[in-house]
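Let the sequences and hints guide you as you build the complete structure.
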Amino acid sequence: MSAVPDLAPRTEEEVATALRNAAAPLAIEGSGTLLGMLRPVQAARTLSTRNLTGITLLRPQEMVVSARAGTTLAEIDAALAEGNQVLVPEPPDLRGLMGVPDAPPPTIGGLVAANLSGPRRITGFALRDAVLGIRFVNGAGEVLRSGGRVHKNVTGLDLCKLLAGSHGTLGVITEVTLKVGPAAERTATLVLPVADEAAGVAALSAALTSPYGVTGAAMLPAGASANGVDGGVAGPAALLRLEDVEASVTYRMARLQQLLPAGRVIEAEASRALWRAIRDVAPLAPGQEEAVWRVSVRPSRAAGMVAALRDGIGARVMLDWGGGLVWVAGPASAEAHAAVMAAAGAVGGTFTLFRAPDPLRAAVAVIPPEPPALAALSARVKAALDPAGRLNPGRMRAGG
Amino acid sequence: MIPLPAPKADVLARRDEILAGLRALVPGDGVITEPLRLRPYETDGLSAYRQPPMAVVLPTSTEQVAATLRFCHENGVRVVPRGAGTSLSGGALPLADSVVIGLMRMNRILDVSFTDRLAVVEAGVTNLGITKAVEGEGFFYAPDPSSQLACMIGGNVMMNSGGAHCLKYGVTANNLLGVKFVTITGEVIEIGGGHLDAAGYDWLGIITGSEGQLGIVTEVTVRILRAAEGQRAMLAAFGSTEVAGAAVDAIMASGVIPVALEFMDRPCIQACEAFAKAGYPLDAEAMLIIEVEGSLEEQDALLARIRDICARFDPISMRVATSAEESLAIWKGRKGAFGAVGRISPDYLCMDGTIPTGELPHVLRRIGEMSEAYGLGVANVFHAGDGNLHPLIMFDANDPESFRKAEAFGADILRLCVEVGGCLTGEHGVGVEKRDLMPVQFNPAELAQQRRVKSAFDPDWLLNPAKVFPLTDNPLLAA
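Going line by line, the protein sequences match chains Y and V. Under full-length UniProt numbering, the first residue of the first sequence carries the number 1, and numbering increases by one thereafter. Under full-length UniProt numbering, the first residue of the second sequence carries the number 1, and numbering increases by one thereafter.
The hints are simulated quantities; they were obtained by calculation from the structure and are not laboratory data. Worth double-checking, as some hints may not be accurate.
[To be verified] Using 20 Å as the maximum straight-line C-alpha spacing, the simulated SDA-like pairs for lysine to any residue come out as follows: (1) V:K168 to Y:R186; (2) V:K168 to Y:G124; (3) V:K8 to V:T472; (4) V:K335 to V:T131; (5) V:K168 to Y:E185.
[To be verified] For the chain Y half of the interface with chain V, some residues (derived, Cβ under 10 Å), not all of them: (6) Q42; (7) R45; (8) T46; (9) G147; (10) L159; (11) V201; (12) T350; (13) L374; (14) A376; (15) A383; (16) L385; (17) P387; (18) M396.
Heads up, the beta-carbon is just placed ideally off N, CA and C, and yes, glycines get one too.
Rendered as structure tokens:
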């Protein structure tokens, strides 16, 4: 962890100058929350965007906010709250999960670079979907824009999507413009005790295939709990959230309760606290020595995969996105990693090694290896944006 | 007229050899070369531009698409991908030396899972065809471009198509899980799948909306959604476009986001009413169509709120549909807007810029001034919630001067959209139509960066050439 970055420019032009003058590769970070994710970067010096701060555009009636990359998620959330709005994908604060609870708070640039989304992803919008526009500096030190500030824009190639989720390997994001949505008038959660993952995912699926507009569908397995929420919520339980105008939440909660077995309803701030915990993956609570994987699968295949991982490596899990997102905690070993890779691959899913000791992260494929044609394309796209390989070398794959 | 690159002489010289090679790859009647049978492929929805290709290939499998692309790459032949040919921006316009790869014969639905809320379909399945395949279980595919009866999902992916209901459900990019993608060298790559957010670069994101510049999509995995219990529309008419614009802002800021929020100006209202007899208020300067979803009681609650908001803006009239039939009647005029304008003018150009919604009154006033200056009528209909304008510029295609003026007027509108903080195209794509306006929105370094990404996929610029990127400074596409 680099507590003090070597370079922490205060303006976009300083970022560009730093990249133009860089004689050697740089590690690119925001606040550093996610440095334990993916592979350790092979660079001697670090450039952080944490000092590029401030909201630059806030137009509630246009449902848009722009902020420099180093602006904290908390500051953006607070500014949006004044206009009764939220970031629809509800990006998480993963400091707890990453084992760095005292690190500076996550920045919007870092979250976009990692394309991290919370429970509301299930409604159709990942953080990358909320990005309307982006300003970035490519590896050659050119300041560039893609997208804009309007909600519908198909002008040219969508480099916003390419930058989001590229973990600082294609460009240094300096400012983002995000689409926002209304804060719900009312929020309520149905907590359903279930027997196991199969039953839990079936309940989530029943709710998500109903017309009742569920905006959160997660599952706490046996042994997991969200403490401090309305007396505590313990697994195994399926959690279903409704967020909308008062009348809609009342009506739909009644309907959901007719559709599903009996459960209890958690309202308002208790419901919000529960979903913050889910968003931040708090119930997984990995031990300091454990590794964490994020696996994304077809929901109907989650329960079988979880059973296999539990038998194979003694994994503990938490499920979100209707069962399609499986957070896995287990031994930080090459064997366990191979087991997660195999389990995800067997059901046609994808995985990310989210947290592990450096030697393990450096030794294994932290995301699924690309077939040769795609690997060649990756290398050419990387070269198209970062010809000299200055940005975050080795972050996503060895040598790339 | 927008210039196209000169045909490659070496390709034209080897025409017979190339056609024989294609016939060997796609047997039967899958290769079209007779001039008369090429005619249907010479244009798309931008019918002012026409150019028959050298040949049309109609593959029935991903393997045939891959073989055709590999062959074209080896022979330096330009390729124009085509779905249903409904592009309004000339995205599927052929070149004289090109091979059109039409995907309409790849029209099978391969897999549907309601539990996982997805459908896997071939690229030539129509947009509405997906909904038809799942509506029996109460599901639908959300993006709904006006051409949804004809347009194909492969084309929707390539253009990142929108529609009237993307205010709530998003555009094509927000409703995809995966694609089968074929590169210019004929490599078949699986991107994404049945799960959300694949690790690695966002290939799905960069391919979506790439207008055939990067490769050809042959299969698509889409999210399907359970439909709401019902939907209902209301209509609110105002005495000025400014006031209607202010009402739009107030609705959007209220926290109640309708599923659709459409705006029509006076000329458009008049044309639609004459055509559809939908009961539109002929004394209004501007009219909103607002649709909400949910159970009957939810619809009542939401419409009451929106009605209260509109009432603060001194509406000339408001009408809340009391039945599904009345909603359909309200929509009938809007859905027929293009046809209605077609009845009062021999031809029209449909523009597609997007603006920040707060700029609406200013932009409509300026468009009105331009209309007078050019001496051409314009009717405005657009997706107000997201600021996506569709000015319909009326002209006479038999009069070259009228067409020239219409193109210039359209370009001025798009420059205005960029000037006020918007963009050249919200959902129709750049195509050939807006290609030479790209420098209005992007500076040279930005365009060069996009070109380098294009070159990473297609180093020889064989894929859909002469679209999206200006021809200047591109030796591979000299006019």
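Here is what the structure says about each hint:
As the CA atoms of K168 (chain V) and R186 (chain Y) are separated by approximately 18 Å, the hinted pair is consistent with the 20 Å bound. Taking the CA atoms of K168 (chain V) and G124 (chain Y), the gap is near 10 Å; set against the 20 Å cutoff, the hint holds. Between K8 (chain V) and T472 (chain V), the direct Cα distance comes to roughly 17 Å. Compliance with the 20 Å bound is thereby established for this hinted pair. Note on K335 (chain V) and T131 (chain V): the hinted pairing holds, with a Cα-Cα distance of about 18 Å set against a maximum of 20 Å.
For the hint linking K168 (chain V) to E185 (chain Y), the alpha-carbon distance of about 17 Å falls within 20 Å, and the restraint holds. Evaluation of the Q42 (chain Y) hint against chain V yields a violated restraint, the C-beta minimum of about 19 Å exceeding 10 Å. The criterion of a C-beta within 10 Å of any C-beta in chain V is not met by R45 (chain Y), whose closest approach is roughly 25 Å, and the hint is violated. Nearest Cβ of chain V to the Cβ of T46 (chain Y): about 23 Å, over the 10 Å cut. The hint is violated.
Checking G147 (chain Y) against chain V: minimum C-beta separation of about 8 Å stays under 10 Å; hint holds. Taking 10 Å as the C-beta cut-off, the interface hint given for L159 (chain Y) holds, the closest approach to chain V being about 7 Å. Given hint, V201 (chain Y) at the interface with chain V, holds; its Cβ is 9 Å from that chain's nearest Cβ, closer than 10 Å. Hint status for T350 (chain Y): holds, given a least beta-carbon distance of 5 Å to chain V, under 10 Å.
Against a cut-off of 10 Å between C-beta atoms, the interface hint on L374 (chain Y) holds, since the closest Cβ of chain V lies about 5 Å away. The criterion of a C-beta within 10 Å of any C-beta in chain V is met by A376 (chain Y), whose closest approach is roughly 9 Å, and the hint holds. The criterion of a C-beta within 10 Å of any C-beta in chain V is met by A383 (chain Y), whose closest approach is roughly 7 Å, and the hint holds. For L385 (chain Y), the interface hint holds, since its Cβ comes within 10 Å of a Cβ in chain V; the closest pair sits about 7 Å apart.
For P387 (chain Y), the shortest C-beta to C-beta distance to chain V is roughly 9 Å, which falls under 10 Å, so the interface hint holds. With a cut of 10 Å, the hint placing M396 (chain Y) at the interface with chain V holds, because the nearest CB-to-CB distance is about 7 Å.
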